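Student: Build out the structure end to end from the sequences listed, making use of the hints.
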Amino acid sequence: MRRAAVLGTGQTEHRTRRTDVTMAGLCREAIDRALADADTDWSQIDAVVLGKAPDLFEGVMMPELFLADALGATGRPLLRVHTAGSVGGTTAIVASSLVRAGVHKRVLAIAFEKQSESNAMWALSIQPPFTMPVGAGAGGYFAPHIRSYIRRSGAPPHVGALVAVKDRRNGALNPHAHLRQPDITLESVQASPMLWDPIRYDETCPSSDGACAVVIGDQEAAEASARPVAWIRATAMRTEPTSFAGKDHVNPRAGYEAARALWHAAGITDPLSQIDAAEIYVPFSWFEPMWLENLGFAEPGQGWKLTEAGETRLDGLLPVNPSGGVMCSNPIGASGLLRFAEAAMQVMGRAGEHQVTGARTALGHAYGGGSQFFAMWVVGTTPA
Amino acid sequence: MNQVAVVGFAQYPNVPSAGTTSGVELLVPVFQEVLADLAMSKQDIDFWCSGSSDYLAGRAFSFVNAVDAIGAYPPIVESHVEMDAAWALYEAYVKLLTGEAETALVYGFGKSSAGQLRRILALQLDPYLHAPLWPDSVSVAALQARLGIEAGLYGERDMAEVAAASRAAARDNPKAQVSGVDSPDTLLKAPYVADPLRAHDCAPVTDGAAAVVLAAGDRARALRERPAWITGFAHRVDSPALGARDLTTVPSATAAAEAAGLRGDDVDVVELHAPFTHQQLLLTRALGLGESDGGGARINPSGGVLCGNPMFSAGLSRIGAAAEQVMSGRAGRAAAHATSGPALQQNLVCVLEGA
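Protein chains in written order, with the numbering used here: chain H, 1 to 384; chain V, 385 to 739.
Be aware that one or more of the hints could be misleading.
Unchecked claim - Short, incomplete list of chain V residues facing chain H, as computed with Cβ under 7 Å:
no., residue
1, Val451
2, Pro511
3, Leu513
4, Val621
5, Ser623
Quick caveat, the hints were computed from the structure, so don't treat them as lab data.
Note that the structure is predicted; figures quoted are calculated from it, not measured.
From the three backbone atoms N, C-alpha and C, an ideal C-beta is built for every residue, glycine too.
Tutor: What follows is the structure, encoded as structure tokens:
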């Protein structure tokens, strides 16, 4: 198998409404930063892979077509990926496959969402024929799964608030983060309005405009880089249906199997001790302990103990979402690529104030749909 | 590098409307047919990849329910492009090249009858400057057709002859939506739909779905006596700025053809994804077909998309149809083309060989 590495990353300032830029301008803000970070330019980019969530979020059908010039794709191959919330992760994996297959030397992966162009709640609420409506929005959809997790694990009720405090304080260290709340406290989170019991307002992700770009190169390009690169040690994707009789929404088998395949391919036998930083897709705070278990960092029912003991803080045994994660910035289509890019930034030593000291191996994780699409990668300071 | 081949193809009949069925219901019989033909089960597929459009379905996440047609449990390795499934086939081809998978099933589906297709496609244009004017897809194609006529590249009779030949070829294609014997003289008596395009110049609105199975190396040889080996596969995109492009040329198709190793007439069969008659004439030039003295490739023996244009699977079906020509031994070397976007903005070329 050929090797591939992240040569550079870039991301926008994530905000509720980026009315200062068009979709093209938003993408270019991230792309220009990624090209600079990778110390490369358009002449060295062989192909472009664009990912984003539903087109209805901006009201443009297949927007990569009208964005082709702005994405630097004109005259080049352009692929458009869409795998729901996991799409940012899938975009990075497709781009890395193009390099590992030997088709291209350097590929630009870009993912964006400009939710302020349209109305995401409307886009998610269209009642298609032949499909039973949920009529609950994302929070209402996931709240019963969180309640089920609490019941099964016996987790104390303040664990979700602990995650929110940690992520928002981490976000205050990240200059790109949409929500930056250095003064948030357990008490203030617990005093915020209840939206979908047990999810409180401060335990939910924001709705953001934002983009993220990553330049992925082959072994020769990586070895020629003057700056540290993030070697892609392994990738994994798994899908299962939204709902069926045997579905476990707390510990979905697709995520479980993706993680096992990932650790195996990366040569990792004890993820908790071997992973130095994890960027996990946590749109509602309670998903941190749930995904810690699904990913194999903890046994089923035990993930909340890592969180409660402070082991997922920046200085803990397994820093989770040092960037602040989805809880601080959620441009949906880009959120997965942000997790993948932030993992790469950690092992490249370029995470700034939210750098995990000495991070050598990191996880990027994304999920989407009804906890049914999973994409993840492991990156490291060395190829193997 | 692994050798990758097309080993199976199935498609839903090209119909004006599939009635009340959803994408899921279109796909179930297609999966059954393509897998049964290879004596495979869904567990034998290492990687799944699909192409479809939320805007065609009028809803977000339209591809999610298609996973139900697979019965994706235990969980599968799967991906999706918001493009014609010909590009999903490209993603799957790359996956097989990495060696991470030995087999892949690629599918596309779309129910164009659910909305007004020509208006929906206007939403592919620049949302700030062009889409608010609602230049629908047929009108944009008509502008392109007119430019080609005024440049002296072809006339309305040439366009009618493309339609007549397509319909005649489609008489042998039981899945075709349109077929028959029409003389160009008769066709030219019809009124314009969008000057200079008449009804016969435009692909019909079609519901449909298709699936292609890929396999690598010895696995392909075990599954099919004569696999259609992919010897070239490339795609490119042109600028979206209609006013900045020379609409009588298709640079992205030319570049894709060169990258895929398609040269002159040295293929026996070509399946072109040309939703308008003048686009077939433009593509024939852009791909360099008919430039050598090799006797000429057979163009669109299936009838092409002028005889059935199921959005988001039509490009994939071109590859499937070309592969069938190779697998059956009717062609030694075949090429397939797919397009996407307004006025042939994005183009893909796949070259297939029997040995």
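Student: Does the CB of leucine 513 of chain V sit less than 7 Å away from some CB of chain H?
Tutor: With Cβ-Cβ at 9 Å, over 7 Å, it is violated.
Student: Does valine 621 of chain V pass the interface hint, meaning its C-beta sits closer than 7 Å to a C-beta of chain H?
Tutor: 4 Å, holds
Student: For the restraint on serine 623 of chain V, tell me whether the closest CB of chain H is nearer than 7 Å.
Tutor: Holds: closest Cβ of chain H sits about 5 Å from serine 623 of chain V, inside 7 Å.
Student: Taking 7 Å as the limit, does the beta-carbon of valine 451 of chain V come near enough to a beta-carbon in chain H?
Tutor: Given a least distance of 5 Å, the restraint on valine 451 of chain V holds.
Student: Measuring from the C-beta of proline 511 of chain V to each C-beta in chain H, is the shortest one below 7 Å?
Tutor: This interface hint holds because 5 Å falls under the 7 Å limit.
Hint 3 alone, counting from the list given before, is not met by this structure.
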